[in-house]
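Q: Heads up: the sequence lines are chains U and D, in that order.
The opening position of the first sequence corresponds to residue 0 in numbering that gives the first Met the number 0, with each subsequent residue numbered one higher.
The opening position of the second sequence corresponds to residue 0 in numbering that gives the first Met the number 0, with each subsequent residue numbered one higher.
The set of hints was computed from the structure by calculation and includes no laboratory data.
Being a predicted model, the structure only gives us computed values, none of them experimental.
A couple of the hints might just be wrong.
Unchecked claim - Incomplete in silico selection of chain D near chain U, CB under 10 Å: (1) Arg73; (2) Thr84; (3) Asp86; (4) Tyr97; (5) Glu150; (6) Arg169; (7) Ser170; (8) Tyr174; (9) Met176; (10) Gln180.
To be verified - Subject to a maximum C-alpha distance of 27 Å in a straight line, what follows is the list of computed DSSO-like cross-link-like pairs (lysine-lysine): (11) U:Lys122 - D:Lys131; (12) U:Lys122 - D:Lys127; (13) D:Lys45 - U:Lys122; (14) D:Lys127 - D:Lys138; (15) U:Lys122 - D:Lys52; (16) D:Lys18 - D:Lys45; (17) D:Lys26 - D:Lys52; (18) D:Lys220 - D:Lys52; (19) D:Lys18 - U:Lys122; (20) D:Lys18 - D:Lys138; (21) D:Lys220 - U:Lys122; (22) D:Lys18 - D:Lys52; (23) D:Lys45 - D:Lys26; (24) D:Lys138 - D:Lys45.
Ideal placement from N, C-alpha and C gives every residue a C-beta, glycine not left out.
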Amino acid sequence: MKGKVKMAQRSTLDTQPPLIAVHTTPPPPRTARLPVDLEGIAMIWLREMSRLWRQRTRLYGAIVRALVWLFALGFGLRRSFVPIAGLSYAQFVFPGVIAMTIIFSALQSAISIIWDREFGFLKEVLVAPTPRSTLVLGKCLGGATSSTAQAAIMLVFAPLAGVTLTPLHVLAALGAMFITALALSALGIVIALRMTDFENFGTIQNFITQPLYLFSGAIFPTRGVPGWLSALLFLNPLTYGVNAIRGALLGYNVSEVPRDIVALLGVTIVFLGIALMLARGEA
Amino acid sequence: MSVVVEELTRTFGAIEAVKGISFAVEKGEVFGFLGPNGAGKSTTIKMLCTLLKPTSGRALVNGYDVVQMPTDVRRSIGIVFQDPTLDDYLSAEQNLRYHCMLYHTPPATRPTRIDSLLRLVGLEDRRKDLVKTFSGGMKRRLEVARGLLHEPQTLFLDEPTVGLDPQTRRSVWEYVMRLRQSTGLTIFMTTHYLEEAEYCDRIAIMDHGRVVALDTPDALKRQVGRESVHLVVAPEDVARAALVIGEDRRVTHGEGGELQVECAEGASGQALAAQLLRQLTLSDIAVQAVSVHAPSLDDVFMRLTGRAIRDETAGAKERLEARLRGRGRLRRRS
């Protein structure tokens, strides 16, 4: 912004007659001028869906990973835990495994921005007559939709964990999963826009995805933990996501779900704001 | 005028990549931007495509100021980058359809427009195939098609044929020239293949951030030297031939019956060859061989920049610098 103003003042050419007819008002736009470009966002979203479909192996990987966790924790640790609020450990950990599917796939999808930058497609979007918000919002919605879809597949395995589902449960869970996925996608986009090369991908898995997952209450109850851990849990957006999904699926800790929703939407807005600022610097 | 550039400057920290250049490109012209790596070509093209803000000066593309009206500039131009920017995991058709969405072309015209462009670049029977199965040349052609989808007035081609085999390069050029004929599109391109620069109506040569020459390829070549005609006659005819050609011309004798005749400043070698053939035939001197030698763009380039255009030792370091600049792209805020 500042640069633009300076530019206009410095140019002495503005006072000279222009060499050619200069458009002073833009031609009427073909679509109504909105602060966001809905068609552009739809394009990014569609592309995300199409890629999810084309790269189905990624999907199988996600399912297998989730099942491994479900069986290892849910059944392996069954004897080591007393029932939590009347729930078996397998039941308790099932929403946590769904949350894991979401965090892995949401971050992976957001990180594909780096891939797009390296392999060029990002440029196609950056030179298009569309604001940078198109990329950020389209990617966030696309990532959230594709991770919700991946996590929704996990619901099929609910009977394995002894979780019985009614259509209402499923609907509530999908809602909770989607807002969780939104927050994590927004976080992922901020990371992707800050990262300049692809070599750091493993680092992200180790330093962000895994700690966020493990310190979220996905695999243990958040009550009665040491103070330092409770601070971590408080700062981790996934904590609220796990709690909301668990509330929707098991009716556990339902009273805190409104707080979870507010926290997740707040986190989404803050990270999207940061992402928009960062996206302006992309060239 | 499709592009007007006035005193355009861009600095990166202490490095002045583009040093106050000015030029204009006519509507419907094929305008070539030549220069060694690191000369400032890419920086200039980035400013014209609104990807980079100028430090000072101004540029109008299709009548729109690149700083004040970037969205209008973007809507009115098509761009084919040096590196592919297609999505490999989408089909050719999907890549085109998504482009239409990004550029808000009228939805009713999309299917026919996509059809006709796929046909133009000869990919109509590969439309459903994933781009990752395409060869380099097919990808480049698809990119050209995509760049034209929203009916731009100016098409920017940044090294459009780099990395392509000679045959594909020729076919990309055939498409481009056909397009220009059928649509009156302005084409602004950078290249460092001098033989491709011959396709351009005018060429600007850039070096160290400045435009060091701007003219038609022929005029540029005439600047560096005259054309000459080489003749071969029977050795016993050499002296007589030299007499017929005349003393006012500069004639040098080679081995055997070879004669080299230099053209007058700015004159065409072909015309001189025809004239000499007529004169010699009239004087009953049999010409065994004739050829016209013209200075090449290589000579022009060498003269102006002091190096051959594909001087890779100079290029490698500059490319590395450009790459490092690119790596830091996120730290830069405009």
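Q: List, from low to high, the hint numbers that the structure doesn't satisfy.
A: 5, 6, 7, 8, 9, 10, 18, 20, 21
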